[in-house]
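So the protein lines, in turn, are chains A and B.
Letter 66 of the first sequence, counting from 1, is numbered 66 in the numbering used here, and no numbers are missing.
Letter 94 of the second sequence, counting from 1, is numbered 94 in the numbering used here, and no numbers are missing.
Just so you know, the hints here were simulated from the structure itself, not pulled from any lab data.
It cannot be assumed that every hint is accurate.
In silico DSSO-like cross-links for lysine-lysine, where the CA-CA straight-line distance does not exceed 27 Å [unchecked claim]:
1) B:K68 x B:K26
2) B:K67 x B:K37
3) A:K55 x A:K66
4) A:K20 x A:K66
5) B:K68 x B:K55
6) A:K41 x B:K37
7) A:K20 x B:K37
8) A:K41 x A:K20
9) B:K26 x A:K41
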Amino acid sequence: GAVVSQHPSWVICKSGTSVKIECRSLDFQATTMFWYRQFPKQSLMLMATSNEGSKATYEQGVEKDKFLINHASLTLSTLTVTSAHPEDSSFYICSLGQGGTEAFFGQGTRLTVV
Amino acid sequence: QQPVQSPQAVILREGEDAVINCSSSKALYSVHWYRQKHGEAPVFLMILLKGGEQKGHEKISASFNEKKQQSSLYLTASQLSYSGTYFCGTERGGATNKLIFGTGTLLAVQP
């Protein structure tokens with residue numbers, strides 16, 4: 001299966017600053033990656049679909065100007081949380097995989113905004 | 001739109017069995033099952049692609065009723081390591097790997 005490396009594992013930032021999260025596919029060329037967000041005691045919610053070489057597709061209710069996604073290569077997608085606020089504190093996780101098969105997840109990033 | 005799981009939570013003693021249900025209001029192309037421990041990434045358990053399909057690995061198995069748009073996960077002779085939150089997931093738009101996760105079921109196995 002694919003190996004997905006997500007960095008950082010956790011980050012604490014001040015309110016109003018931006019944070020970048022990286023998701024790397026180490027052994028799989030991923031034209032598509034997915035970003036999820038998970039608040040405490042809740043399910044994983046799909047935020048956006050990251051498309052290599054083109055714009056990301058955002059789910060309804062997700063602000064595209066706040067959550068910037070860049071997928072410049074087949075092995076790297078980044079999620080930047082801009083002007084972060086305490087309500088953005090959450091567990092962010094990326095995944096990739098082929099349709100009809102197992103999804104391969106990164107380790108996840110715990111973001112805390114203070 | 002999000003699949004609904006039941007029960008929301010269950011507490012078991014080691015060796016007991018449990019069933020977790022996943023029900024969707026939309027047609028299902030596939031059903032994934034994952035287990036997640038606190039603060040960690042979900043761990044893949046199995047995927048069912050065809051209505052009527054049943055799969056199993058050791059003491060964990062699952063079924064998929066495509067007509068009823070439901071899937072069930074069966075845990076037999078539970079072990080302490082089975083503790084965690086279980087999520088079903090459906091692929092939106094067919095074979096896309098774009099997962100819509102269910103509401104989750106918290107399972108706690110006690111000695």
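Taking the hints in turn, this is what the structure says about them:
no. : hint          : result
1   : B:K68 x B:K26 : holds, 10 Å
2   : B:K67 x B:K37 : violated, 31 Å
3   : A:K55 x A:K66 : holds, 14 Å
4   : A:K20 x A:K66 : holds, 12 Å
5   : B:K68 x B:K55 : holds, 18 Å
6   : A:K41 x B:K37 : holds, 11 Å
7   : A:K20 x B:K37 : holds, 25 Å
8   : A:K41 x A:K20 : holds, 24 Å
9   : B:K26 x A:K41 : holds, 24 Å
Hint 2 alone, counting from the list given before, is not met by this structure.
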